[in-house]
Amino acid sequence: MSTKKKPQRGPDRSSGRQPFGGTQSDPFSGLTMGDEVPSFTRGPIDRVRIARYAGAIDEYSVMHLDDAGARAGGMPQVYVQPMLAGAWCAQMLTDWLQGGRVVKIDLRFVKMVWPGDIIVSHGRVSHLRREAERGRVEVDVWAENQRGELVIRGAALCELKPGAVLLRPPPPVLPRKAPPAPLPLAQPAKKAAAPHKTKPAVKKPAAAKKLKKHSAKKPATKAKPKKSKPKTKPKTRTATKAKPVRIAAKRSHKKGAKK
Amino acid sequence: MIERSLLGRQTPPSHVLVEKGAIRRFAEAIGESNPLYYEESAAQAAGFSSLVAPPTFATTLATTISLRNALGVPEQRLLLSEEAIESQRPIVAGDRLTVWSRVADIQEREAPGGVLGVVTLESEGHDESGALVFKCRQQIIVRRGRE
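Just so you know, the protein sequences line up as chains A and B, in that order. Counting with my numbering, you get residues 1 to 259 for the letters of the first sequence. Counting with my numbering, you get residues 1001 to 1147 for the letters of the second sequence.
In case anyone wonders, no lab produced these hints; they're calculated from the structure. Note that the structure is a prediction, hence the values are computed from the model and not measured. There may be inaccurate statements among the hints.
[Claimed, not checked] So, partial list: chain A residues that the calculated Cβ filter (under 7 Å) puts toward chain B: (1) 52; (2) 56; (3) 57; (4) 61; (5) 73; (6) 87; (7) 104; (8) 105; (9) 108.
We treat Cβ as the ideally placed atom computed from N, Cα and C, and that holds for glycine.
Given the sequences, and given the hints that come with them, work out the whole structure.
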């Protein structure tokens, strides 16, 4: 739909993402604790999206639909229904689950979401459970806006479909040939420092950086999220899957030169 | 002040038919493109009797509006701070559900920055056999008005 700018869709098998490679006999589809859900970006949110959501839930508060009413109600302008962003956290999971389902989702709305915001949802497996022969995973879920601010924090319980092949987030894109003359990349330089603290930041921005290199510098209005630095990380990095290559690639990516 | 006598108030049960059009409109509103939410043939091929609802669709069935109105606070001062949804099974078009909501908790606060209180509303939906299908819990902040 024309009103939606969605640069990032759900599972995209053509992008070379690696599957977790579950088998029918593994109810957890190859998942382990600490595994990450491919991040999921939506936005910028426009007034039509807000209006559609209001119609879909049959609730028409001036706080979401009328700026004058919103100001009279104490806000600088209309704000976005929190569960619209919440629906995207859930959508990140349903796309990832490939036929599994979200059993429970519990979301806390940490910061307001405004028109024009881009929302990037993230998830990380926190527990695996077996219930009635089905694999279930608990997933920490969080979402950030384009300023890297945490807007939603929560958790979900997902039921896995036996035999589903779940996708990992993509590894950072490495240039296959000599990159063009590097553009000044002040932002990526800052961002590249972040992954050491915040693992989930690795994926989306890496792809976005590649785009940035090969095109003229554009303002980051499309879904290129700021490097995520959530104020409260749901979980510290666990070392279940050492990914030194990824971090090394991150560094080289920043400089664009050495491997 | 939030009307404390509301604590425990429950709406009468309402009977809801989950409609295909409502599912499609919700899916479209959140930007979903999964055919399970739009095409009955796709949903049936996946083993459902009709269109499946996205996981947060249950919030459209939760009948909290009368309780929110009963708080005695203009809607402009209500701010959703937390939402939890739990379902026992996917919700599907054609489901006939009985839904009710209740005021589960009222916490009054004298917080600087204008928070008067926090209200927790819980909703549940049961199918025709009485089995629980979904539960929602909303935590709503009541902001102080400009006085």
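For each hint, the structure was consulted:
Contact between residue 52(A) and chain B, as hinted, is supported at the beta carbon level, the nearest pair being about 4 Å apart and thus within 7 Å. For residue 56(A), the interface hint holds, since its Cβ comes within 7 Å of a Cβ in chain B; the closest pair sits about 4 Å apart. The beta carbon of residue 57(A) comes within 5 Å of a beta carbon in chain B, closer than 7 Å, and the hint placing it at the interface holds. With a least beta-carbon distance of about 5 Å to chain B, the hint placing residue 61(A) at the interface is held under the 7 Å criterion.
Because the closest C-beta pair between residue 73(A) and chain B is about 3 Å apart, less than 7 Å, the hint holds. Hint status for residue 87(A) relative to chain B: holds, with the closest Cβ pair at about 4 Å, below 7 Å. With 7 Å as the threshold, the beta carbon of residue 104(A) comes within range of chain B, its nearest partner Cβ sitting at about 4 Å, so the hint holds. Annotation: residue 105(A) was flagged as interfacial toward chain B, and the flag holds, the nearest CB pair being 6 Å apart, inside 7 Å.
Hint on residue 108(A) holds. Least Cβ distance to chain B is approximately 5 Å, under the 7 Å limit.
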